[in-house]
Amino acid sequence: MRLPDAKIPPGPLEHKWQAWIDQHRLVGPNNRSGKNVIVIGTGLAGASAAASLAAQGFGVKSFCFQDSPRRAHSIAAQGGINASKDYANEGDSVRRLFADTMKGGDFRSREANVWRLAELSENIIDQAVAQGVPFNREYGGQLATRSFGGVLVQRTFYSRGQTGQQLLLGAYSALEQQVAAGNAVVHSRHEMLDVVIVDGEARGVIVRNLVTGEIERHAADAVILASGGYTNVYYLSTNAMGSNVTAAWRAHRHGALMANPSYTQIHPTCIPQSGEYQSKLTLMSESLRNDGRVWVPRKGGDDRPPAEIPEDERFYYLEERYPSFGNLAPRDIASRAAKVVCDDGLGVGPTGRGVYLDFRDAIAQRGRDVVEVRYGNLFEMYENITGENPYETPMMIYPAPHYAMGGLWVDYELQTTIPGLFAIGEANFSDHGANRLGASALMQALADGYFIVPHTVAHHLTADRESVSTTDSAFDTAQDAVESHITRLMDVGGTKAAQVFHRELGNVMLDYCGMARNAPGLEKALTEIGEIRENFWSDLRVDPGRDEFNQSLEYANRVSDFLELGELMCLDALRREESCGGHFREEYETDDGEALRDDERFAKVTAWEYQGDDGDPVPHDEQLSFENVKLATRSYK
Amino acid sequence: MNFTLEIWRQFDTGEEGRYEDFTVEGIDPEASFLEMLDQLNERLTEEERRTVAFDSDCREGICGTCSLVINDTPHGPRQVTSCQTYMRDFEDGATIRVEPFRSTTFPVIRDLVTDRSALDRVIQAGGYTGATTGPQPEPNSMPVAPEVQEKAMDAAICIGCGACVAACPNGAAMLFTGAKVTHLNLLPQGQAERGNRANSMVEQMDEEGFGGCTNFGECSRVCPQEISLDVIGMLNREYRKARLSRDPKDPPTMLAQ
Amino acid sequence: MVEFWRSTIGKKTFVAVTGTILVGYLILHMVGNLNSLFGPTGAEPRVDWYAGWLRELGEPLLPFAGALWIVRAILLGSVIIHITGVVQLRFRNRDARPARYPARKIGRSWESGVMMTSGILLAAFIVFHILQFTTLTVDVTPLHHEQVYFNLYNAFQEWYFVAIYLVALILIGVHLRHGIWSLVQTLGLDSPARNRGIRYGATTLTLVIVVGFALVPILFWTGLLDAPEPPAATITAIAGGLTG
Ligand SMILES: Cc1cc2nc3c(=O)[nH]c(=O)nc-3n(C[C@H](O)[C@H](O)[C@H](O)COP(=O)(O)OP(=O)(O)OC[C@H]3O[C@@H](n4cnc5c(N)ncnc54)[C@H](O)[C@@H]3O)c2cc1C
Ligand code: HEM
Ligand code: FES
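For the record, the sequence lines run as chains A, B and C. Counting from -19, one number per residue, gives the positions in the first sequence under the numbering used here. Counting from 308, one number per residue, gives the positions in the second sequence under the numbering used here. Counting from 843, one number per residue, gives the positions in the third sequence under the numbering used here.
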């Protein structure tokens, strides 16, 4: 297999998307209801895509594993969404947002895609407001904005600390409107377990009804995967418990390439782990770094209460090392800096894996009221979880796995290497390169869902296709494969819950394929994952009963895919012999400890091809070309 | 910490349920309630017993998936979601009763898991502005005073968990419905469908079989988002205005003010 | 309107509106009763004059006692709608709720939980009250048409009548402490800024009504109000006093 063309339209960057739109073919309004699209996922990407396609008149079937589409993981996004509206009159522009995102991603993303993202950012805000998303407003009723990491302008729009929730509810309500109108059907508590490929094109899915256990077949003319990110491969992450790689992974097994799987983001501001049985880590929005100052005591093992540590014994390491961005350094940099100070023994808290995020000065300067208006609900959440009051004592934070920049390889049309199979939102690899800037995932998920796939999928649907029925033999084959995978899981007959193996996998991934990686470590991880995988398949136990509600089966199924993904991530990290963004190989660092890119060899996307259970995955490279930004060493100093 | 748990076990919607007792030992006080249940399940798996089914996803209080009634109170003692309830909130050695959110409109699927899709159908009836994807007006051309935005947001933060229904002695969904109507009807973007929204959402709410409000206020007292009873007043007002001013022969009237 | 009545909110609104009418009536009724406090003032006690005035109200536009009958019709209609509404809602609410649920009370007022009980007892009392002072059927103590002061005086010399009325007033208090606040909420007249005030207002109004009514039996019983003149020649009345 060769990597197909990314289909980037010719012409100047600024006009590529319009040029694409202008030439795309259309399905007449009367013929649309006969064309069906399956959308897997109801997060920002999935819900917006489903709502938009249904509004155009296509028949949409939407699926999610939660009990309601409104509960998709996007609901948890806190801080905000970027748009280059320049309301703050700082000279922000599409070009600046584009450049910031390219640089933020450490020059490992496609120019054309990122430009389009920046271009569409403004429409997203307009769309969301029209749906009734209550973004914060300034005195006078104008939209408010704030800063996020890695940029010097205020372009982040927000609804208190619940921006993802409000945006998702907007998209969800638009989807429910289409359900009411009869254009869309939502199947909640349904999990996709395979794509069905007929004559080389994605024409349907096999899903498990999670309530009855029934395996169902659904046919369509195109399938969109909006199934989110896979950071739960680390077991403990900021993602929701159910976030998983299954949909993407099953597509990968059918030939969809997986791009840059090792690009994962470890978010700097999360509440540190407190116990062995902890099930998830909680993010404290990056927006807190607008006013909070990050520090550790200069002396290791200083266990005085933070308030008693005098100013000159505090090490404001971000401000010292990155004077121009300070506490708002991008995430990969802030996270690694935290790891470094903790490795040096300066970390605080019971485990020594924590740093302070201190609001003392902000409260003194701006007053408690202002801080409360900006972050009240985050402070409450922190106090709720830790029992400590951040108005009085600094927060304690530590980096945690948060976001997957890697994902299914897609071309400019967001189509995977399987024709008719599209991937959007966090599930694809597209726009963030090796590191995602804050407040840009929501932007990307919604750009994909509202404004890109409605066109590219519509374009795909113009081709004449024979209708397929779910009795087609391809559905039989796919269903058999799904059933036998389930049988295999049910029949292991061991003694341990899937959680046990997941936890083990997570530890390995975090140690060797987390914030810092090196070749021997990754090799070791590959061996260890192999062992965990073996144990999984010999000692797993799931509750009996496949034709019924069975959460332990759902979970085991997801873990079985994470185990395979973990191996691929390590392979990818091994192969990329450079450091860039969130992928930090200790062998490749500058003298002052920053990431050292190798643009000669690695200014490219690595897309992996599945080779069967026993074969070694094969990498394919997509060369990235940079005509509109200058490849420079990223500096936030 | 050690606890005795009385957990509601019910195989499926049709089956009679019952309480089953479990003990859990050596629980970290910093563990969340759901993590305590995770540990129980891990042990049950080792003992080759069927695990306890319960719902959760975000585990940070925002998705509204978790839905336990803990010691007779939806979500537990602290007016936060079940997932944000920590074992340090209980006394060592305590007996804790755990059961699903109950309401005729929320049939039990298994153990502590219920079907809350009725709430989605209430939203389908009118919980949207009607804007479909496409070019939209510049937001700053329609200023919204920060106080209005704040009020709308106070209602918009509803997580749709259904604790209000579970707490209500009448199984009413007025707080849920009121929150959505308040959110949209306060904003300029929600004006076009203002009256219809109140009408259709209330109709759907009734059709689903939710009870009526007797102003007990229990809903608001368990709401993890602390949504105020004011949204019910607003719903009552909006519905009355919409219903009483609508001439059935004419197309639905707009009640913008 | 029909659809409005069919919906839960609509029905509840009817309950609230009829409740408001009944509360409004209670206030007028209480003020009317307070006329007794003027005592037996000569040939016609003030309260008897008041009862007569009520009958003549609206004349000659309306026939004698016409206004009174209109008021009675409204009241009867209100009570019927009020009761029909709450009973239908009660059945609905019961269906919305599985029986086994323990439903811990999380701070709701106890009055709100006994609205049906207090309401039913109130209804029973209202029937009794009408039988006593309006139709004069319960003539345990001497009763005469159109002689309100006389009737009240005699009835409230007996401790058990005083007790019955005081208990009924407590019931009214219980019903209205939740009811008045509730109707404001149901009618959507609440607002975040006003809600505390409304709570206090509801309690105060309830107290005023209860105390206002209670004064009459208490003052008669404690002998602070003088005995009436012996009854004058019985005048045939079309109906009993409004106060009865
Ligand atoms: C705590 C937190 C805070 C964040 N804050 C921000 C922020 O402030 N700004 C920002 O820009 N980004 C933020 N992000 C990132 C952002 O929220 C996500 O990247 C984005 O929401 C992903 O959206 P999505 O639609 O791609 O996927 P998701 O929202 O993850 O949705 C995935 C959907 O797929 C469904 N699904 C998955 N697998 C299957 C299957 N096999 N079958 C059926 N359905 C399936 C799920 O049910 C779900 O509906 C944050 C992330 C986290 C974790
Ligand atoms: C003096 C006569 C009465 C007065 C002044 C009165 C007043 C009120 C008021 C103001 C309310 C509140 C309405 C609302 O919640 O919006 C109410 C509610 C109620 N009333 Fe009455 N009422 C009277 C008689 C009765 C009777 C006879 C019954 C007997 C069945 C009754 C049963 C109820 C019940 C059950 C409620 C609660 C309804 C609910 O909360 O859904 N009431 N009443
Ligand atoms: S699990 Fe999301 S709110 Fe509790």
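Calculated directly from the structure, the hints in this document are not laboratory data. The beta carbon of each residue, even a glycine, is placed where N, CA and C say it ideally should be. One or more hints might be untrue.
Here are the computed distance ranges between Cβ atoms for each label pair [as the list claims (entries may be wrong)]:
no. : chain 1 : residue 1 : chain 2 : residue 2 : range
1   : A       : D2        : B       : A499      : 24 to 34 Å
2   : C       : R1036     : A       : E360      : 23 to 33 Å
3   : C       : R1036     : B       : N309      : 17 to 27 Å
4   : A       : R346      : C       : L1049     : 41 to 51 Å
5   : C       : F970      : A       : E363      : 51 to 61 Å
6   : C       : R1036     : A       : T450      : 55 to 65 Å
7   : C       : A965      : B       : V455      : 56 to 66 Å
8   : B       : A499      : C       : R1036     : 43 to 53 Å
9   : B       : V455      : A       : D444      : 46 to 56 Å
10  : A       : F606      : B       : E445      : 43 to 53 Å
11  : C       : R1036     : A       : G525      : 35 to 45 Å
12  : A       : R581      : B       : N309      : 52 to 62 Å
13  : A       : T373      : B       : E445      : 38 to 48 Å
14  : B       : E445      : A       : R75       : 32 to 42 Å
Listing some non-contacts, in silico: residues in chain A with all C-beta distances to chain B over 10 Å [what the hints assert, rightly or not]:
no. : residue
15  : V74
16  : V109
17  : G112
18  : L123
19  : G255
20  : D282
21  : V320
22  : D349
23  : K476
24  : E528
Here is how each hint holds up against the structure:
Checked against the given bound of 24 to 34 Å, the beta carbons of D2/A and A499/B, roughly 32 Å apart, stay inside it. The beta-carbon spacing between R1036/C and E360/A, approximately 27 Å, falls within the hinted interval of 23 to 33 Å. Remark: the range hint 17 to 27 Å for R1036/C to N309/B is contradicted by a beta-carbon distance near 49 Å. Remark: the range hint 41 to 51 Å for R346/A to L1049/C is upheld by a beta-carbon distance near 47 Å.
In this structure the hint that F970/C and E363/A lie 51 to 61 Å apart at CB holds, the actual value being about 58 Å. At roughly 59 Å, the beta-carbon separation of R1036/C and T450/A lies within the given 55 to 65 Å, and the hint holds. At about 45 Å, the CB distance of A965/C to V455/B disagrees with the hint of 56 to 66 Å. Checked against the hint of 43 to 53 Å, the C-beta distance between A499/B and R1036/C comes to roughly 29 Å, which is inconsistent with it.
A hinted range of 46 to 56 Å for the beta carbons of V455/B and D444/A is consistent with their spacing of about 51 Å. For the hinted restraint 43 to 53 Å between F606/A and E445/B, the CB-CB distance of approximately 33 Å leaves it violated. In this structure the hint that R1036/C and G525/A lie 35 to 45 Å apart at CB is violated, the actual value being about 55 Å. The given range of 52 to 62 Å is respected by R581/A and N309/B, whose C-beta atoms sit roughly 58 Å from each other.
Checked against the given bound of 38 to 48 Å, the beta carbons of T373/A and E445/B, roughly 44 Å apart, stay inside it. The hinted window of 32 to 42 Å between E445/B and R75/A is violated, with their beta carbons roughly 20 Å apart. Listed as a non-interface residue, V74/A keeps its Cβ farther than 10 Å from every Cβ of chain B; the least gap is roughly 16 Å. The beta carbon of V109/A sits about 4 Å from the closest Cβ of chain B, which is not more than 10 Å, so the claim that it is off the interface is violated.
For G112/A, the condition that its CB be more than 10 Å from all CB atoms of chain B is violated, with the nearest at approximately 5 Å. For L123/A, the condition that its CB be more than 10 Å from all CB atoms of chain B is violated, with the nearest at approximately 6 Å. The claim that G255/A lies off the interface is violated: its Cβ sits roughly 4 Å from the closest Cβ of chain B, which falls inside the 10 Å cut-off. Remark: the non-interface label on D282/A is consistent with the geometry, its nearest Cβ contact in chain B lying 23 Å away (cut-off 10 Å).
Against chain B, the non-interface label of V320/A holds: every CB pair exceeds 10 Å, the least being about 27 Å. Here D349/A stays apart from chain B, with its beta-carbon at least about 14 Å from theirs, past the 10 Å limit. Residue-level check failed: K476/A sits 7 Å from the nearest beta carbon of chain B, not beyond 10 Å. With a least CB separation of 7 Å from chain B, E528/A falls inside the 10 Å interface cut-off, contrary to its annotation.
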